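Visitor: Here is how the chains run, residue by residue.
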Amino acid sequence: MEDRLKEKLEILADAAKYDVSCSSSGSNRVNKGKGLGNTGAGICHTYTEDGRCVSLLKILLTNHCIFDCAYCVSRKSNDIKRAAFTVREVVDLTVAFYRRNYIEGLFLSSGIFKDADYTMERLILVAKTLRQQHAFNGYIHLKTIPGASPELIHAAGLYADRLSVNLEIPTESGLKLLAPEKNRKDMITPIAYLKEQLEKTEDEKRRFKYAPHFAPAGQSTQMIIGATGESDKQIISVADHFYTRFKMKRVYYSGYVPISNDRRLPGMETTVPVVRENRLYQTDWLMRFYGFQAEEIVNDQYPFLDLDIDPKLGWALRNMHVFPVDINSADYSLILRVPGVGVASAKKIVAARTFGSLDLHALKKIGVAINRAKYFIICRGYRHSFCEKQPERLKHILLGKSQSKFRKDLTYQPTLF
Amino acid sequence: MNRSQVVLYVDGTWESVLTAAFDVFAHKFFPLDLRLLSNGQSDLFAATHHVVSDAKKADRVRKGLTVRDRNVYNDLWWVYLSELPGSLLLILRAIMYYFDSVQPVNTNYQDPRILQISNIVRSVSREKHRMKAFVRFRRLEDGVYFALIAPDFNVLPLIYRHFADRYADQQWLIYDQKRNYGIYYDLKDVSEVYFSAAEPFKPHAVEQHDATEEQTYDSLWKVYFSAVNIEERKNMKLHIRHVPRRYWRFLNEKTPRT
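Order-wise, the sequence lines are chains C and H. Residue numbers for the first sequence follow my numbering, so the first one is 1 and each next one is one higher. Residue numbers for the second sequence follow my numbering, so the first one is 1 and each next one is one higher.
Everything labelled a hint here was simulated from the structure, so no lab data went into it. A portion of the hints provided could be inaccurate.
Covered by chain H, according to a simulated footprint, are these stretches of chain C (three or more residues, beta-carbon under 8 Å) [as the list claims (entries may be wrong)]:
1) 31-38
2) 44-55
3) 95-104
Just the calculated beta-carbon pair ranges, DEER-fashion [what the hints assert, rightly or not]:
4) C:Ser357 - H:Leu32: 28 to 38 Å
5) H:Phe99 - C:Ala41: 26 to 36 Å
6) H:Pro244 - C:Lys364: 17 to 27 Å
7) C:His384 - H:Asp69: 32 to 42 Å
Here the structure is a predicted model, which means the values were calculated and not measured. Where is the CB? At the ideal position from N, CA and C, for every residue including glycine.
Model the full structure from these sequences, guided by the hints.
Guide: Okay, here's the thing in structure tokens:
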């Protein structure tokens, strides 16, 4: 019995691990009346040996699936061990792990067995049982099954903190190639429905004192990177579209891990594109926290991100006319665009300069990466000769200085989450 | 105005540090150092001042600081909890700087004291967050969920609220092995607990009192931890940066399967 449970957990956690979403933040559930758990800023309770955060018990309800999507390990034609949890098993496991402070909550996805609605109903049942029978206020992330009816998606929103539909493949043509049984429309419909419901709830919250919770942590999605030869520009513009039009909380990028000999996909010998994935996350961050527009970073002229340097430095080198920026007088938004200056240091600069103008030493103490920033700034007692504004030369110098960090062949992980 | 240079001695409580600040202003001292009485007095040449903890004086300093900015006071309290060498004197000098300035100066990151405080606060905050993450409870046969920690800084006072809010319906005890005290929640309140000197705490004794299902969940967690790893992306450098080795002995997923 116990061994069977272990085996199931092994199979169904293994099958869920390609879903990269791990966020447990952004919700606001409080523990009223001595129940179990709450949600808050989000906590990573441990990290896997590949360096990813483990915040939620991330599992599939089952890996039985009627679909045959080429990019997915659980595809019908794949010869793997299959398993299915009972609702009770998932609920008990979640509560037991939560009580031991192993996790922030549950991330539940599933292969599609029978049909979309039937699968969705089972997912909802798990969430409902946790909330109602166990007074569980921890974080619940449910996958929305494409094709499930609106009533069910709505019901899911009443119990979950976050809902997500994965776009999987950034382009429609790519999706058609790898998952002929699926279509983009089936994915967009629930996303659009969720956006509408989320806005409605927000509005109700403003007008009424007690409006029911509806997925307070919003919705997110995920795209697989490097499976269908799409450009970074295509990926980023899809992400941007979903951030602005559908109010997505997060878009995740998942470098394709070779899992199949299918000729439509990159071969088993290909390496996971972790550097590219990292550059995409950096771009994502620039859009969300640094005030960059998508087309400033990737556009028709530059459809791919430079793997050697981060996208912020890339933008700076293409826009040398903006620099040098005077640290002691420039706007916060411009200081934020200086390579080597992050959000925390930009804020400190703006606060500290009211007490007197800043010099290089002060900037260094504040936490600015001077060996990068110095080519782009003016501050008290300092003005760089500026390499005669030659971006290529500057790139060369910067790459030479920070070789270990920017070498292309070095695979390293995004550290942003 | 000449301030007389003195070495101040305190009993080490937060109240005594705040009282020291009060005395500095009352007697117009220039503090050369702030030391713990328990370490013994050894100043042959410098003038010394023995601070007597006083709740009223401490409270006036606290009010003076919170009036300026709530964060100012909290930041100093966190620096105190860091227990870093020199942190007591830093607190005292920062308080003097705050009270001597007309404008609020707590965001003057050009000042070495403010910068140092901001850096220490960041370290303490990181440790506080880590302890919210790395506490691993085991359920004992009497129903109490028990966890051992040994944080770099004294963060129990900063995390008890979090655990009391979250685990409101279970009894739990988190014990700081380094500082020899714990916090215990009895379904109503959180209180500090100590082991008596006669019966010191023995970590291995706890295992004998595990609840029967404990081993099952422990090994299920270990199964889960290895199943979610993607071998093709293995990156131990990053792993260790996020989960430094000194915490491993308290994390069951990092201890071998039995």
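Visitor: Check the following: the C-beta atoms of H:Phe99 and C:Ala41 are separated by a distance inside 26 to 36 Å.
Guide: holds, 33 Å
Visitor: Kindly confirm whether 28 to 38 Å is satisfied by the beta carbon distance between C:Ser357 and H:Leu32.
Guide: holds, 33 Å
Visitor: Could one say that the CB atoms of H:Pro244 and C:Lys364 fall in the range 17 to 27 Å?
Guide: Holds - the Cβ-Cβ distance for H:Pro244 and C:Lys364, about 26 Å, lies within 17 to 27 Å.
Visitor: Check, residue by residue, whether the segment 31-38 of chain C contains three or more positions whose beta-carbon lies closer than 8 Å to a beta-carbon of chain H, and give the verdict.
Guide: holds (count 6)
Visitor: Using the Cβ atoms, figure out if C:His384 sits within 32 to 42 Å of H:Asp69.
Guide: Holds, since C:His384 and H:Asp69 (Cβ atoms, about 36 Å apart) stay within the stated range.
Visitor: Holds or violated: the segment 95-104 of chain C covered by chain H, criterion of 3 or more residues with Cβ-Cβ distance under 8 Å?
Guide: holds (count 6)
Visitor: With a cut-off of 8 Å between beta carbons, are at least three residues of the segment 44-55 of chain C near chain H?
Guide: This one holds; 11 residues, not fewer than the three required, reach chain H with a Cβ under 8 Å.
Hint compliance for this structure: every hint is met.
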